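Make a model of the complete structure from these sequences and hints.
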Amino acid sequence: MQQLIKQFGDERRTIIEVEGQAHAAVTEVASLHELEPLVIAFTRNGALKTLPADTFTPRGKNGDAVYTPVRGDEQLRQVVAATSQDYVLCVSSTGRVFQVAAHRIPQGTRSAKGEPVRKLLELATGEEVVTVLPIEAYAEDCYLVTFSKLGKVKKSPLSEYRAADLDGLQDMKLAEGDAVVTALISRGQGEYFVTTDNAQTLRFGDDGLRAQGRAGQGVAAMALGPGAKVVSAAYLELKSRTL
Amino acid sequence: MSDPLSLFVVTEDGLGKKVPLSQYPQKGRATAGVITTELVGKDRVLLAMIVHEHDHLLLTWNGEGNGGEQVTAVKASELKMFMRRGRVYS
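Residue numbers (the numbering used here), protein chains in the order written: chain S, 1 to 243; chain U, 1 to 90.
Treat the hints with caution; some may be incorrect.
[Claimed, not checked] Chain S is faced by these chain U residues, among others (derived, beta-carbon under 10 Å):
1. 5
2. 21
3. 29
4. 31
5. 32
6. 33
7. 44
8. 45
9. 46
10. 50
[To be verified] Once the Cα atoms are required to be at most 25 Å apart in a straight line, the calculated SDA-like pairs of lysine to any residue come out as:
11. 229/S to 190/S
12. 75/U to 79/S
13. 173/S to 47/U
14. 229/S to 39/U
15. 42/U to 75/S
16. 27/U to 150/S
[As the list claims (entries may be wrong)] Far from chain S, some chain U residues (derived; all Cβ distances over 12 Å):
17. 14
18. 80
19. 81
No lab work stands behind these hints, which were simulated from the structure alone. Note that the structure is a prediction, hence the values are computed from the model and not measured. Ideal Cβ positions, reconstructed from N, Cα and C, are used throughout, including at glycine.
This is the structure:
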């Protein structure tokens, strides 16, 4: 063996991947696409499409023109600004997180039908996407914060979702009857506003919410009244607050 | 100077109001929070979002004529500010 090594041995020509490097190639592929601002439209019946960034620019004399953003048989659920080089995290009602490259979402027009999200992602029966979040980079100081209908919240470092793909990663473990209602990106230094359907709003700081691992059941976000459920959550970065 | 940030609350019946963030005291996590609006009948809150006075809001609703969806862009500054307690306004 030693003789063979001496006779034929030379420097290794391939790279052994270590943790984190496996995704470097994906970033390179994404950056091959031209950087183009766009908006992602997500409809209530689970269709996704990208549109030119100026699609919803106010028009008309007073800047309040009315127009139809999607087909007549669809209803808008979310419109988010992104770029063609972003990755889009899709958080599902059952607490799974999927990742799809923004440039892979079909581009359409206001009147064109969106791509069913079930064609893009491996969703289970009865599972639906509740939030789409464009990600420019998996910054170490960012967190994915997920809120559930029965008042749970889970905050996990964004870097833990780097490996998410079209098959999804298990994220939030939910109790029976619970479902994820929304998710947002936090920088860990702001405040959350959680609102329930019976019109209660709780404002609490990021320092009261400790980060935990990706797969977990989270902690209580809000004490709910009988029959109440969380309907939305908003995040306020401290630096964005101007008094 | 007034707070340029506010919470825009919309109900299922299509009513909404803008409340200054300063009306919401910070409380501990896992507490009940405060009342953000008074609801009439079986109306429920649909969503709440933070808006800046410089923002344009994209409001969508079901069109009555063709059954499709209509959208209008509204400047947040054009919406009247209300106190936290009190009914919502269309």
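Going through the hints against the structure:
1. With a least beta-carbon distance of about 6 Å to chain S, the hint placing residue 5/U at the interface is held under the 10 Å criterion.
2. Hint status for residue 21/U: holds, given a least beta-carbon distance of 7 Å to chain S, under 10 Å.
3. For residue 29/U, the shortest C-beta to C-beta distance to chain S is roughly 4 Å, which falls under 10 Å, so the interface hint holds.
4. The criterion of a C-beta within 10 Å of any C-beta in chain S is met by residue 31/U, whose closest approach is roughly 6 Å, and the hint holds.
5. The interface hint given for residue 32/U is met, as the beta carbon of that residue sits about 5 Å from the closest beta carbon of chain S, less than 10 Å.
6. Contact between residue 33/U and chain S, as hinted, is supported at the beta carbon level, the nearest pair being about 3 Å apart and thus within 10 Å.
7. At its closest, the beta carbon of residue 44/U sits 4 Å from a beta carbon of chain S; the interface hint therefore holds under the 10 Å criterion.
8. Interface hint status for residue 45/U: upheld, as the beta-carbon distance to the closest one in chain S is roughly 5 Å, under 10 Å.
9. The interface hint given for residue 46/U holds, since its Cβ lies 7 Å from the closest Cβ of chain S, which is under the 10 Å cut-off.
10. The criterion of a C-beta within 10 Å of any C-beta in chain S is met by residue 50/U, whose closest approach is roughly 5 Å, and the hint holds.
11. Between residue 229/S and residue 190/S, the direct Cα distance comes to roughly 23 Å. Compliance with the 25 Å bound is thereby established for this hinted pair.
12. Straight-line distance between C-alpha atoms of residue 75/U and residue 79/S comes to about 17 Å, which keeps the hinted pair within the 25 Å bound.
13. A distance of roughly 24 Å separates the Cα atoms of residue 173/S and residue 47/U; the hinted pair therefore holds under the 25 Å criterion.
14. Distance hint between residue 229/S and residue 39/U is fulfilled; the C-alpha atoms sit about 15 Å from each other, no more than 25 Å.
15. Only pairs whose Cα atoms come within 25 Å are accepted, and residue 42/U paired with residue 75/S is accepted, the gap being roughly 23 Å.
16. Our distance criterion of 25 Å between C-alpha atoms is met by residue 27/U and residue 150/S, whose separation comes to about 19 Å.
17. Remark: the non-interface label on residue 14/U is consistent with the geometry, its nearest Cβ contact in chain S lying 14 Å away (cut-off 12 Å).
18. Every beta carbon of chain S lies more than 12 Å from that of residue 80/U, the smallest distance being close to 16 Å; the non-interface claim holds.
19. Chain S leaves residue 81/U outside its interface by the beta-carbon criterion, the shortest separation being 15 Å against a cut-off of 12 Å.
Of the numbered hints listed earlier, not one is contradicted by the structure.
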